[in-house]
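Assemble the complex: chain A is given as a structure, and chain B must be docked to it using the hints.
Top to bottom, those sequences are chains A and B.
For the working numbering, add 16 to where a residue sits in the first sequence, where the first one is 1.
For the working numbering, add 16 to where a residue sits in the second sequence, where the first one is 1.
Treat the hints with caution; some may be incorrect.
Derived BS3-like pairs (lysine-lysine); straight-line CA-CA distance at most 30 angstroms [said to hold, decoys possible]:
1) A:LYS158 / B:LYS153
2) B:LYS24 / B:LYS153
3) A:LYS281 / B:LYS37
4) A:LYS281 / B:LYS296
Among chain A residues calculated to face chain B with C-beta under 10 angstroms, some are [unchecked claim]:
5) ARG251
6) LYS266
7) GLY272
8) PRO277
9) ILE280
10) LEU284
11) TRP308
Estimated spans, in silico, between C-beta atoms of each pair [to be verified]:
12) A:GLU228 / B:GLU240: 32 to 42 angstroms
13) B:THR267 / A:ILE38: 47 to 57 angstroms
14) A:LYS45 / B:GLY229: 28 to 38 angstroms
15) A:PRO77 / B:GLN247: 16 to 26 angstroms
16) B:GLY29 / A:LYS266: 29 to 39 angstroms
17) A:LYS37 / B:TYR74: 48 to 58 angstroms
18) B:SER73 / A:THR267: 35 to 45 angstroms
19) B:ASP297 / A:LYS266: 36 to 46 angstroms
20) B:GLU240 / A:ASP49: 49 to 59 angstroms
Just so you know, these hints were derived from the structure itself, not from any lab.
Treat the numbers as computed from the prediction; the structure is a model and nothing was measured.
In this text, a Cβ means the ideal position worked out from N, Cα and C, and glycines have one as well.
2 protein chains.
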Amino acid sequence: MNKAILLKNRPQGKPALSDFKITEIETPKPKVDEILLKTRYVSVDPYLRGRMRDQKSYIPPFQLNKPLESGIIAEVVASNNNNFKEGDFVNGMLQWKKYQTSDGTGLNKVDKNKAPLKAYLGILGLTGLTAYLGLEKIGKPKKGETLLVSGAAGAVGSVVGQIGKIIGCRVVGIAGSDEKINRIKKEFNFDDAINYKTTDDINKAIASKCPEGVDVYFDNVGGEILDAAMQNMNRYGRIINCGAIALYNKTEMPTGPRVEPLLIKNSLLMQGFIVRDFVKDFGPAQKQLATWMAANKLNYLETVVEGFENIPQAFIDLFDGKNKGKMIVEV
Amino acid sequence: MNKAILLKNRPQGKPALSDFKITEIETPKPKVDEILLKTRYVSVDPYLRGRMRDQKSYIPPFQLNKPLESGIIAEVVASNNNNFKEGDFVNGMLQWKKYQTSDGTGLNKVDKNKAPLKAYLGILGLTGLTAYLGLEKIGKPKKGETLLVSGAAGAVGSVVGQIGKIIGCRVVGIAGSDEKINRIKKEFNFDDAINYKTTDDINKAIASKCPEGVDVYFDNVGGEILDAAMQNMNRYGRIINCGAIALYNKTEMPTGPRVEPLLIKNSLLMQGFIVRDFVKDFGPAQKQLATWMAANKLNYLETVVEGFENIPQAFIDLFDGKNKGKMIVEV
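Extracted from the complex, chain A is given alone in its bound form (with noise of 0.2 angstroms):
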């Protein structure tokens, strides 16, 4: 039996179950040229829930009463492409469906014998590249600089923090609770850690934990965590910001204290990130990552749901944190 999740209504503020609707639908037929797909993991991210909203950005919308789609690793159930063959694994942003059809553009096949399946929607996928591309595009630290990251506990955050202790940054990361602190630091290898949560002062806290300053700043989160590292900041400090968790919910327009006298007075830079626009690094890239893990340089989490129709509940639990690593659905 083919199943399909659908947008049914917009959130407003956070994502309900109430938001997707789980329907039957026809199990299609590869057509000349077409594979048909089985879906086996499914990566739930933050960043979805910007495309949940009807506006424009980097990425259409999600339209109502349609499939929602995202980072998906399938099998090759039926080919009659001659570029991929029964058994094949691919990669590539597919829609929420146990079985769908493709022509193949925009997949990417992967070697479950170099690394588990699971890997090329986390470390060696879109996670890891962010965590890459944006140090070495926008943040680019250099040894001995500090290095700071919010959300350090996540799928992005964590593999940040490691390649900075590869080039040889002070790494502190920011994250939510004492058992994520614990993971920074001891699975992590990150230098330092604050819970945000447990804290007064995250801006003295900042203070406290960078004595040198903020050289780079990975925001994954936005708020009042970046106000506070804006704080902290170096002349010539840059901040990539690559996500903004804390906002992605909010109905009005959030507002805070004003970042262009800080800019100014300390020359520095933000950035907004975007993976995608660094599609043409990503060979390079994930070839770095890779040597990275086999030389065992980079731990990763990841938190796996089991069942399709669990994906809105596992999109949800992103925003209340219950995650370890990257989330991923297996089917």
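Chain B in isolation, oriented as in the chain A frame:
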């Protein structure tokens, strides 16, 4: 009789004459290797407001009851230094004194036969360099792109717009009176201009004057005009945060809409620009500016106030937009 102008109080909000003290001092005698300088032209600039605050910044704050300083053109009236002779003119950061000595550190000789002396404080000085290097190093405008400039009738903004036209951009300026709007279009060659004081909705006004969106925004003002510009930026847009005159006199931490969602959504770059960060590029930049000037491609305006005692008032008048172009005091 020698005189100096001291900072008497740190201004609260808009600076007042009572924040300054004009005092008589002795005229110093140049020691070995020193020169005696007579102040001829004094540059007053909005950024000096920042140095009147007691806070860490890219240059140390002014000290209470000590002389202020700014860019000054002075005449060498006595010399014990082989590098300078009587009758030479020099440009440098000097104190607000009628006469002062110097060992020559940080001073550049200027040639009054190549350009009017005042031009070395404006179009060929930090003003022109700020416009040119801010665009070149951060904005990187390309032919056919849209360049938006705030403070467009001011010393920096008017040069920014003209350089944009030389590059081949569509250039739109924002200023605060119809007289300035006319000047921007007629004397500075802007394609179009917006009077923000008579515009109900600055956001819509920008959208209407920039039908293809804004690729580069050169910001001299900050505040609500920056907010509106950000709403109109194209993907991969660049914002040069050069000044924030709208905020300099604020006594409380100013707040506004958060920038991080827009930065991420449109892969925008915002960077604080301080011309002194690019000292190594001054030579070629000055040469380019002089070439354009000689080819009559750069118009510039000056407001010249007479009298050493009027330096504080000239500075205060900047915040009411009373200057046309570069504000200079002739001593």
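Hints versus structure:
Between LYS158 of chain A and LYS153 of chain B the CA atoms are separated by roughly 21 angstroms; this keeps the pair inside 30 angstroms, and the hint holds. Proximity of LYS24 of chain B to LYS153 of chain B is assessed by CA-CA distance (about 37 angstroms); at most 30 angstroms being required, the pair is judged violated. A hinted pair counts as satisfied when its Cα atoms are at most 30 angstroms apart, and LYS281 of chain A with LYS37 of chain B qualifies at roughly 27 angstroms. For the given pair, LYS281 of chain A sits about 20 angstroms from LYS296 of chain B by alpha-carbon distance, which is consistent with the 30 angstroms threshold.
Interface restraint check for ARG251 of chain A: the shortest CB-CB distance to chain B comes to about 7 angstroms, inside 10 angstroms, so the restraint holds. The interface hint given for LYS266 of chain A holds, since its Cβ lies 9 angstroms from the closest Cβ of chain B, which is under the 10 angstroms cut-off. Given hint, GLY272 of chain A at the interface with chain B, holds; its Cβ is 5 angstroms from that chain's nearest Cβ, closer than 10 angstroms. Nearest Cβ of chain B to the Cβ of PRO277 of chain A: about 6 angstroms, under the 10 angstroms cut. The hint holds.
The restraint placing ILE280 of chain A at the interface with chain B holds, with a minimum CB-CB distance near 4 angstroms, inside the 10 angstroms limit. For LEU284 of chain A, the suggested interface contact is upheld, since its CB lies about 5 angstroms from the closest CB of chain B, less than 10 angstroms. A distance limit of 10 angstroms between C-beta atoms decides the matter here; for TRP308 of chain A the minimum to chain B is near 26 angstroms, and the interface restraint is violated. Roughly 36 angstroms separates the CB atoms of GLU228 of chain A and GLU240 of chain B, a value that falls within the hinted 32 to 42 angstroms.
For THR267 of chain B paired with ILE38 of chain A, a C-beta distance near 56 angstroms keeps the hint of 47 to 57 angstroms intact. The hinted window of 28 to 38 angstroms between LYS45 of chain A and GLY229 of chain B is violated, with their beta carbons roughly 44 angstroms apart. Taking the beta carbon of each, PRO77 of chain A and GLN247 of chain B are about 18 angstroms apart, inside 16 to 26 angstroms as hinted. For the pair GLY29 of chain B and LYS266 of chain A, the beta carbons lie near 32 angstroms from each other, so the given range of 29 to 39 angstroms is met.
Judged by the Cβ atoms, the range 48 to 58 angstroms given for LYS37 of chain A and TYR74 of chain B holds: they are separated by roughly 55 angstroms. A beta carbon spacing of about 37 angstroms between SER73 of chain B and THR267 of chain A agrees with the range 35 to 45 angstroms that was offered as a hint. One distance hint, 36 to 46 angstroms for the beta-carbon pair ASP297 of chain B and LYS266 of chain A, holds here, with the actual separation near 42 angstroms. For GLU240 of chain B and ASP49 of chain A, the Cβ-Cβ distance of about 54 angstroms falls inside the hinted range of 49 to 59 angstroms, so the restraint holds.
Checked against the numbered hints given earlier, this structure breaks hints 2, 11, 14; the rest are met.
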